[in-house]
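**Student:** Given the coordinates of chain A, work out where chain B should sit on it, guided by the hints.
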Amino acid sequence: MTDVTTSAPATPVARLQGAATGDRIFRIVLSLAALSIPILLGFLVWELIKGSRLAISTFGLDFLVTSTWDPVTGKFGALPLIFGTLLSSLIALIIAVPLSLGVAIFLTEFAPNAIRKPIAFVVELLAAIPSVVYGLWGIFFLVPVLTRTVFPFLRDTLGFLPFFRGTIYGPSMLSAGVILAIMVMPYIMSVAREVIATVPGSQREAALALGATRWEAAWTAVVPYAKSGIVGAIILGLGRALGETMAVTMLIGNRHEIATSLFAPGYTMAAAIANEFSEAATDMHFSALAYVALVLFSITVLANAGARLLIWRVSKGRPGGGAGL
Amino acid sequence: MVALLIVATVLAVLPLFLILGTLVVKGAGSINPDFFIRRPVPAGESGGGVVHAIVGTLMMVGTASAIGLPIGIGAGIFASEWPGTRLALITRFIADVMNGTPSIVVGVFAWTWIVARQGHFSGFAGSMALAVLMIPMVMRTTEEMIKLVPHSLREAALALGYARWQTSLSVVVRTCFPGIVTGVLLAVARVSGETAPLLFTALGSNYLSTDIRQPMAALPLVVYNYATGPYDDWHRLAWATALVLIFVVLILSLLTRLATRSRFDGPR
Chain A
1 MTDVTTSAPA
11 TPVARLQGAA
21 TGDRIFRIVL
31 SLAALSIPIL
41 LGFLVWELIK
51 GSRLAISTFG
61 LDFLVTSTWD
71 PVTGKFGALP
81 LIFGTLLSSL
91 IALIIAVPLS
101 LGVAIFLTEF
111 APNAIRKPIA
121 FVVELLAAIP
131 SVVYGLWGIF
141 FLVPVLTRTV
151 FPFLRDTLGF
161 LPFFRGTIYG
171 PSMLSAGVIL
181 AIMVMPYIMS
191 VAREVIATVP
201 GSQREAALAL
211 GATRWEAAWT
221 AVVPYAKSGI
231 VGAIILGLGR
241 ALGETMAVTM
251 LIGNRHEIAT
261 SLFAPGYTMA
271 AAIANEFSEA
281 ATDMHFSALA
291 YVALVLFSIT
301 VLANAGARLL
311 IWRVSKGRPG
321 GGAGL
Chain B
1001 MVALLIVATV
1011 LAVLPLFLIL
1021 GTLVVKGAGS
1031 INPDFFIRRP
1041 VPAGESGGGV
1051 VHAIVGTLMM
1061 VGTASAIGLP
1071 IGIGAGIFAS
1081 EWPGTRLALI
1091 TRFIADVMNG
1101 TPSIVVGVFA
1111 WTWIVARQGH
1121 FSGFAGSMAL
1131 AVLMIPMVMR
1141 TTEEMIKLVP
1151 HSLREAALAL
1161 GYARWQTSLS
1171 VVVRTCFPGI
1181 VTGVLLAVAR
1191 VSGETAPLLF
1201 TALGSNYLST
1211 DIRQPMAALP
1221 LVVYNYATGP
1231 YDDWHRLAWA
1241 TALVLIFVVL
1251 ILSLLTRLAT
1261 RSRFDGPR
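If you read the sequences in order, they're chains A and B.
Residues in the first sequence are numbered consecutively from 1, following the numbering used here.
Residues in the second sequence are numbered consecutively from 1001, following the numbering used here.
Excised from the complex, chain A in its bound form (with noise of 0.2 Å):
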């Protein structure tokens, strides 16, 4: 006993200061790392408006529903891109939510346990492929065989409808808008299938024991209760098809002009900067790429913050469900 307190290097209250300094030492550096990210936004917003002022003080907010696009006269309206980026995102989901929807459902409601996991895990796989990788696939696999079979298929059954008309192109808003679909699915079955998952047990149990079938509980009694849940989910995917770049630049055509028919070639705001920031040649077009760089962050972040707030709301106490993805 004795040598214990004679050999300890410090007295006791000695060694609490000496962890109080510690203490305060580790929460400063801490803190500096954790403040270095609102900074880092800040920075980042900064430096976008100071990017884009050159073309706000000269457009101001017709830049957003004129169409002109000249670099040689110096004149640009961003109509087009955003038109495009709101056409394919919207192709996208039409395609994407009722398919991540059905295997969240799947999923969660009936699928057997062995392959609940397994399944999940394939889908979410798709969230890990770059996505230029989904561009080089989509030239020489996906444009292809849409053009060849799906394309020819909606122009003749649909062809009553002036989407579905005029000449098949390979790279147009229709191709972004599939690939679009393949790479949001992830995140909208992801998060679905997590908010359906925290649906407390005896609303099933309340709509069987009145007679529904598996379907009509999962159906009647288990999606209304997870719905705002699940339109986060699609806000979210929504965001990303948004904001996607690569794929879109490589199918989408690269026209700026809007057209009724999604066979013919698009533009959308990411494809545009990837494809002419670095040959930009003159301080206007530079500011007005950066402007529709600041208009895309804008809308992506709204589309973000509504459906964080919206997934939180339902699964509370637990924020930030798909954060991982």
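Note that these hints are calculated values from the structure, not bench results.
In this text, a Cβ means the ideal position worked out from N, Cα and C, and glycines have one as well.
Among these hints, one or two may not hold up.
Result set (DMTMM-like, lysine to aspartate or glutamate): computed pairs, CA atoms no more than 25 Å apart in a straight line [claimed, not checked]:
#	chain 1	residue 1	chain 2	residue 2
1	A	Lys75	A	Glu279
2	A	Lys227	A	Glu205
3	A	Lys227	B	Asp1096
4	A	Lys117	A	Glu216
5	B	Lys1147	A	Asp23
6	A	Lys50	A	Asp70
7	A	Lys117	A	Glu205
8	A	Lys227	A	Glu216
9	A	Lys50	B	Asp1096
Label-pair distances were calculated between CB atoms; the ranges are [unchecked claim]:
#	chain 1	residue 1	chain 2	residue 2	range
10	A	Ala281	B	Ile1090	38 to 46 Å
11	A	Ser298	B	Leu1004	36 to 44 Å
12	A	Thr167	B	Gly1229	20 to 28 Å
13	B	Ala1003	A	Ile94	18 to 26 Å
14	A	Ile258	B	Pro1083	43 to 51 Å
15	B	Leu1153	A	Phe140	48 to 56 Å
16	A	Ile49	B	Ser1046	42 to 50 Å
17	A	Ile25	B	Val1025	53 to 61 Å
18	B	Leu1153	A	Ile258	54 to 62 Å
19	B	Ala1066	A	Asp62	41 to 49 Å
**Tutor:** Just chain B now, with coordinates in the frame of chain A:
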């Protein structure tokens, strides 16, 4: 209805196998020693490799990690050690916002921040863009991993007279260290496949260069440039490069999944 759900599931699983299958069929034949050790040959000639892009990707991702990982991990530890503080709440929210920011926007940021000021493209500007993408990703996974450590462990260490910082570093962080490492690997895998932020920062190059102040090649840039180019031999190299890229990314993702699952068997 259940039949429809099964159809949906089959359709959802199909693309992964189609993509992997096409990559192997079209790319595997071009993977040979030359591919890893030779530089590209002039357009139109056949043969050549992508050693310049392998070196470029390693250097840029390495630099990005050296800058991004300490900040990301530090911020993650802060957010889990003092979870209720205002700084933790703000940082967490902002990290989520940044995780949803399109990578092309981060590229524009790195351009105005570094390329425009220095007056030339550089691998360093590309590294910084990748670091900006990495920091929020690493912060969130580190935080999630630390949250999985049972509270009793922390209490036990504190009760034994450990200081707070000692408890955090040598007990809590050490316990979930494999989880943090896998999170880091996942972030590294993600940014290794990023093309958009490098397009007008690192720009790409046909030369084998280790000078990070100069334009640099990267594997995803090679895939993009060769895939959109006119020559069959370029397409062949694009497929092979994509196969290598996806092999690395998938192996790292797979390891991450297995490591986190077997260790904690918790959410994801």
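**Student:** Please go over all the hints and tell whether each is borne out by the structure.
**Tutor:** Taking the hints in turn, this is what the structure says about them:
1. Lys75(A) to Glu279(A): Roughly 17 Å between the alpha carbons, so the hint for Lys75(A) and Glu279(A) holds.
2. Lys227(A) to Glu205(A): 18 Å, holds
3. Lys227(A) to Asp1096(B): 22 Å, holds
4. Lys117(A) to Glu216(A): At roughly 24 Å apart (the allowed maximum being 25 Å), Glu216(A) and Lys117(A) satisfy the hint.
5. Lys1147(B) to Asp23(A): The hint holds at about 20 Å.
6. Lys50(A) to Asp70(A): The given pair, whose Cα atoms are some 22 Å apart, holds under the 25 Å limit.
7. Lys117(A) to Glu205(A): Holds - the C-alpha atoms of Glu205(A) and Lys117(A) are around 23 Å apart, at most 25 Å.
8. Lys227(A) to Glu216(A): With Cα atoms ~16 Å apart, Lys227(A) and Glu216(A) stay inside 25 Å; holds.
9. Lys50(A) to Asp1096(B): 24 Å, holds
10. Ala281(A) to Ile1090(B): 38 to 46 Å: Roughly 40 Å apart at Cβ, these two residues keep to the hinted range, so it holds.
11. Ser298(A) to Leu1004(B): 36 to 44 Å: 38 Å, holds
12. Thr167(A) to Gly1229(B): 20 to 28 Å: 25 Å, holds
13. Ala1003(B) to Ile94(A): 18 to 26 Å: 22 Å, holds
14. Ile258(A) to Pro1083(B): 43 to 51 Å: Given range 43 to 51 Å: holds, Cβ gap about 48 Å.
15. Leu1153(B) to Phe140(A): 48 to 56 Å: At roughly 52 Å between Cβ atoms, Phe140(A) and Leu1153(B) fall inside 48 to 56 Å, so the hint holds.
16. Ile49(A) to Ser1046(B): 42 to 50 Å: 48 Å, holds
17. Ile25(A) to Val1025(B): 53 to 61 Å: 57 Å, holds
18. Leu1153(B) to Ile258(A): 54 to 62 Å: 60 Å, holds
19. Ala1066(B) to Asp62(A): 41 to 49 Å: Cβ of Ala1066(B) to Cβ of Asp62(A): about 44 Å, so the range 41 to 49 Å holds.
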